[in-house]
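Could you build all of it, start to finish, from the sequences and the hints given here?
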Amino acid sequence: MGKQLGWNTNKDGTIQYYVDQTNYLTGLTSLPVNPNLFSNKNSTPGYLFYDGRVVKQSTDFSSEFIMIDTKYSQITISSFDDNIQTGRIALCFYDSNQAFISRPLVGGSYTPFSNNYRNIYWKSVDIPTNAAYFRVSFGGDTIKQNSIKKVEFGNAITNWVAASGDDDTVIDNEYAKMMYYFDNSGFLQKSGNAIINGDKYYFDSKNGIVINGSKPQYDIGLTVISDEYTPHNKLYSTNAIDIENVDGFLTADSWYRPVDILDNGTTWRPSNKGEMRPVLMVWMPDKQTLVNYLNYMTSINMIGYSKTFTLKDNIKELLINQRQIQIAIEKKISQTGSTDFLRDVFLKFVATQDNWNKKSEYNDGDHLQGGALRFVNDDNLPKTNSSHRLFNRYPLNQKGGQNKDSGWQGGYELLLANDIDNSNPVVQAEQLNWLYFLTHLGSINSNDDTANFDGIRVDAVDNVDADLLQIAGDYYNETYGLNKDPNKANQKISILEDWAWGDYDYMGRMGQTQLTMDTGVKDGLMGALGYWNESVKPLETIISSMHTDRRKAFGNNRVVANYSFIRAHDAESQDIFSNMISANVKGADGWHPTWEQVEEGFKFYLADMESTLKLKTRNNIPAMYGILLTNKDTTPRVYYGDVFHEAGQYMANKTIYAPVIEKMLKYRITTVSGGQYMNMNNNALVSVRLGKYIDTLDTDYSKLTANQQKSARESGSVVVISNNKDYNLNNNNLVIELGLAHAGQTFKALAETINTPYNENSTGKLDLDTEREKTTNEKGQLIFTETEVVGSTSPHHWGYFSMWVPKEATLDHDVREFVDKNKYSDNNVFHAGEVLDSHVIYESFSNFTALPTKPEERANVVIKNNIDYFKSLGITVFEFAPQYRSSTDTSFLDSCLQNGYAFSDRYDLGYDNSPTKYGTVEDLQNAIKSLHNAGIQAMADYVPDQIYNLSLPEIVATNRVNSYGDLRDTTRFQSLYYVAKTKSNGADYQARFGGKFLNIMLMTTPKIFDKLQISTGEKIYPYEQISQWSAKYMNGTNTLGKGAYYVLKDWSSDKYFNINGVNTELPAQLKGDYTQYGFVNTTSGEIQYYSMSGAMAKDTFIQDEKSNWYYFDSDGNMAHKKLTILGYDYYFTENGIELINSSFADSDGNIVYTNSTGKGISVYQVIYKNGLYVQANNPTVLANGYQMFKDNKKYLWFDNGRLFSGFKIVDGRFYFLYQGEKITSSFQNVAGVKFYVDQNGDTISGLKYSNNQLMDFGHDDSFWLKKVLSEPKPEFMN
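Numbering (our numbering), first residue to last: 2 to 1279.
For the record, the hints were derived by calculation from the structure and aren't laboratory data. Heads up, some of the hints might be wrong.
[Unchecked claim] Mimicking DSS-like on lysine-lysine, the simulated pairs with C-alpha atoms at most 27 Å apart in a straight line are:
| id | residue 1 | residue 2 |
| --- | --- | --- |
| 1 | Lys1170 | Lys1160 |
| 2 | Lys872 | Lys667 |
| 3 | Lys1072 | Lys400 |
| 4 | Lys984 | Lys360 |
| 5 | Lys493 | Lys235 |
| 6 | Lys400 | Lys288 |
| 7 | Lys288 | Lys824 |
| 8 | Lys808 | Lys824 |
| 9 | Lys332 | Lys235 |
| 10 | Lys553 | Lys775 |
| 11 | Lys824 | Lys485 |
| 12 | Lys587 | Lys360 |
[To be verified] So the derived label-pair ranges between C-beta atoms look like this:
| id | residue 1 | residue 2 | range |
| --- | --- | --- | --- |
| 13 | Arg773 | Asp449 | 30 to 36 Å |
| 14 | Glu857 | Asn448 | 34 to 40 Å |
| 15 | Asp13 | Gly1086 | 43 to 49 Å |
Remember, predicted model here, so these are calculated numbers, not experimental data. Using N, Cα and C, we set each Cβ at its ideal position, and we do this for glycine too.
Shown next, in the form of structure tokens:
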């Protein structure tokens, strides 16, 4: 069988171009780029969204996207409802001459891909062999010709048009063809270089596109761009009143007062005060933006003729049309008497330009809010500079220097919004001030100390400087003496949200000033019970995952003071709910939902929770609580969303799990005590609490007093669990040892699953009204026969679950202990043991709770009215939601739901009778007082990491980084000025309370301020009060969609336009200066460049009209060879083009690779000498990076002369290595985060089907597993 015409990818990955079924091209040739070559990994599907956005992998099965399957040469279209069947979606193919070929989607009946909640229909069609272009129209929408977007994907460059009618063709074909080189065997040449017909050509290593490195790719000659308009368009003055600015800098939205106004488009007259015009009306940063501006203005009929402008047009002609638009604008202003219309026009135009919108910010999923920006110092921006900004000083890297490539030990610095610099001693003092405010809330507001918070939950511990933990601990010790009296400590319990496994041991070393998480409890329970429909783990995982070893009965076991839980507002709930909104609510983004979408999405969430065959929500919740609530040496935390509906009004409706959780909580008060053991018994998990005073199975019961014996017999518990719906004992008995203390004793079942056969709609249940009893034998053994323990299915449980307590146990008995009689000499604040075991923490909120519609629905009002309920459940610590007034910027889920984590003013807890989501500050204080009256502690959510959407902008120098703060050096977003929302207004509650309590603490607790902090080596600094936030107190922020170049600058001088006194810098057009533009050949033979602003390019990169990059040195001369620029090696061809995505041999014979910004990496040979790996040509230099080992010609990863094992992050991608070699074709885990590496060792993104699971690894630069999709394998992946 012959080859198909055009591009062909062979099994070995080589690429050829066939002109017929047997003959292929050789040599240098210009070819149209075929849509069948969208990726150099031909089995990887890619997606183009209907609005022209390019996404290399889809993150969800949603409506209206296009998938190019390069392996099978197919395009797959998806849509909700009947858009495909009715023919409302049009797909047309065109050949290389843009002639219409076919329209394969013509309606008809198609099978839905998934009908779990809503039908998603798919249709796959073959790409014709002669197709070079295609277009798709969803719902018959049209896009005007001059709004066509060029879509680039891999090595394909095609054009996009959505319009109705079969006769539409792809237009603006300027970049439709590229040069390629095929060797004598017809194979496409990628990487390297060659002399062809006397010219030197370089071959792109990514897609084989040829660059001519000899002949100039630009036009020589300067064009005068100043004219008779120039002196009139000059800026009136550099006073701030005459030009809009941010901190003195011009932005793409800046307007200015010109010297003269072209009245009615005909006559110049002097401008009046306040008469302003857009800067962009008279100045453009480059020719491309000018072309875009002209096309935009003609598209909205600003001038009376229709024309499409391109980069091929002469710059003079473009400038003449720019003046015609100025005339038209002035005429319309004279007619309307207003510039309001013009504001709207220019705002919309600016938003369309990549330099001034999110496309230039590389928002590709490496941050929760699109992208992260790190603040850097700049001499021209002294007000936002900082000498601190120590990054990633989480608990296990508190002193810095940990190699994060050696294994995940904590979180990342840039989590959300404006990231507060907690390494700044001034900020540390402010965090202490805020802690004082929360713990003295009632005293400050009402002179009522019964309305003060007791303890705190520290949010995002692994994302903040760990000094804050010691500062908080020192505050509690110095203020309340917690380290001197364990009973005082147990009355002010604080907890940490510290997910890293190593934090447990860290807190053990650091004085146990707060309770650390035992993350293994959640992970083990979820792995074996919660994730049954995705990747169920053995029940033994529950035992082995915990920090505390519970396999053998013990009593006084000393472990690190900790708490544990199953779910939380942002764990095993938020992500599930959000993803279900995205999947099932039309047009919804579950991470940025409206309240209507939350309400609609909850219907699917609730239906799934109450079903037997769950698709997304977690299974076996009651069984997990059976373990959680009976575990020893941990304080359990109960989650609101397991008892009450996550959405809807606060505490309005209970879940199906509420009755059993409430019953277990109530009996916990009366029965859960004594030693514990947990083991596997006949493939079931058994957990036993032995009862009051019984530490082990060997405890001599006879030596107890009569009252102690009575308490022992009335307490204790047994939990039995299987996660197998077909579980049975296989003719065996299940024998559970309870010890002689419980010999001959009757136990009653608090809850037990009822045996029902498997059915996805099973109505089986967890029986709470069982009257079943069992009696131990004379040895204290509780024996179950094979007919008693049988697997079943129900919405509550999948397998078998029961919980047993002594029949004598009554709810009027209390075995808890709240007085610690032990004497300690370890200087720890908290101590695991019976007292902490007696506590129960209640996380009292869900993110998705609705906004109240009347005062009585406010959460804090409802809490006050339900105190008796909480007390009856044994709740002793009430963890409040973050009470702060939320930003509503909708940049992330938190601000959409107003849950309190996205605050702009963290001192505003609902003052001035203006309620937050949870109520007024008076409501809060009343709730706290009521809890205290019932003996329940009030815990505040202390959120020191971020602050959102401050009201005043600041200009800050920024780098585009990943969440750890590492430079994204595959982008050119470095040291760029950015308009950040980092300044508070100075008239808010931050201004009222910020720093106001530091003087009190200096007098009452001075020791706090004398201590050198571990991270900084400095004392906290209380003498500068933060009454107004500013970027100088922050590490960075999230990208805001304004674009990398929104703050205007000259491309050639690299100077930002500003009116800041002696440093004032303005474009020539605003100065009224004579201006020339273009490339020029000097008398000495050098090439120089002048920008549209009239400046010569020096010490900067310049991009030409064909997207080639050049560099001009300090003398303004173009580079033509290797240069080291700011520590990086760059390589340039003879005609000055920067080599990007290339590989070649340098003058020393080393192989050089350049990335997407041209940064070069040399590969050298390595030898083994004296126990270390060193450079072969320079043995004194240790081998580092990915290099060739001379002995076996293998490429290996070296780290300071040794073979590296672990994982590395390179250009944002993870690589897993063992003894220097890349691990390939396998799943890898880093602290519970799953990756998959392909046959080349690259971490993948997008979709992967494995082990009967369709897995979503997200967008590029976001390579970890996001979710497992339960849908069947799609047709296009077969």
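**Request:** Please work out if Lys1170 and Lys1160 have their alpha carbons no farther apart than 27 Å.
**Result:** 30 Å, violated
**Asked** Does Lys493 pair with Lys235 here, judged by a C-alpha cut-off of 27 Å?
**Response** 66 Å, violated
**Request:** Below or equal to 27 Å on CA atoms is what counts here, so check Lys400 against Lys288.
**Result:** 50 Å, violated
**Message:** Need the status of pair Lys1072, Lys400: alpha-carbon distance at most 27 Å?
**Reply:** 51 Å, violated
**Asked** Going straight from one Cα to the other, do Lys332 and Lys235 come out at no more than 27 Å?
**Response** Given pair Lys332, Lys235 holds - Cα atoms ~20 Å apart, limit 27 Å.
**Request:** For the range 30 to 36 Å, tell me whether the beta carbons of Arg773 and Asp449 fit it or not.
**Result:** The hint (30 to 36 Å, Cβ to Cβ) is violated, given that Arg773 and Asp449 are roughly 51 Å apart.
**Prompt:** Does the structure keep Lys984 and Lys360 at a Cα separation of 27 Å or less?
**Reply:** 25 Å, holds
**Distance restraint between Lys587 and Lys360, which requires alpha-carbon spacing of 27 Å or less** = Holds. Lys587 to Lys360 sits at ~25 Å (cutoff 27 Å).
**Message:** Does Lys824 sit within 27 Å of Lys808, going by the straight-line distance between their CA atoms?
**Reply:** Violated, at roughly 36 Å.
**Outcome of range test on Cβ distance (Asp13, Gly1086; 43 to 49 Å)** = 46 Å, holds
**Asked** Between Lys288 and Lys824, does the CA-CA distance stay at or below 27 Å?
**Response** Given pair Lys288, Lys824 is violated - Cα atoms ~78 Å apart, limit 27 Å.
**Request:** Go ahead and decide if the range 34 to 40 Å is satisfied by the Cβ distance of Glu857 to Asn448.
**Result:** At 27 Å between Cβs, range violated.
Against the hints set out earlier in the document, violations occur for numbers 1, 3, 5, 6, 7, 8, 13, 14.
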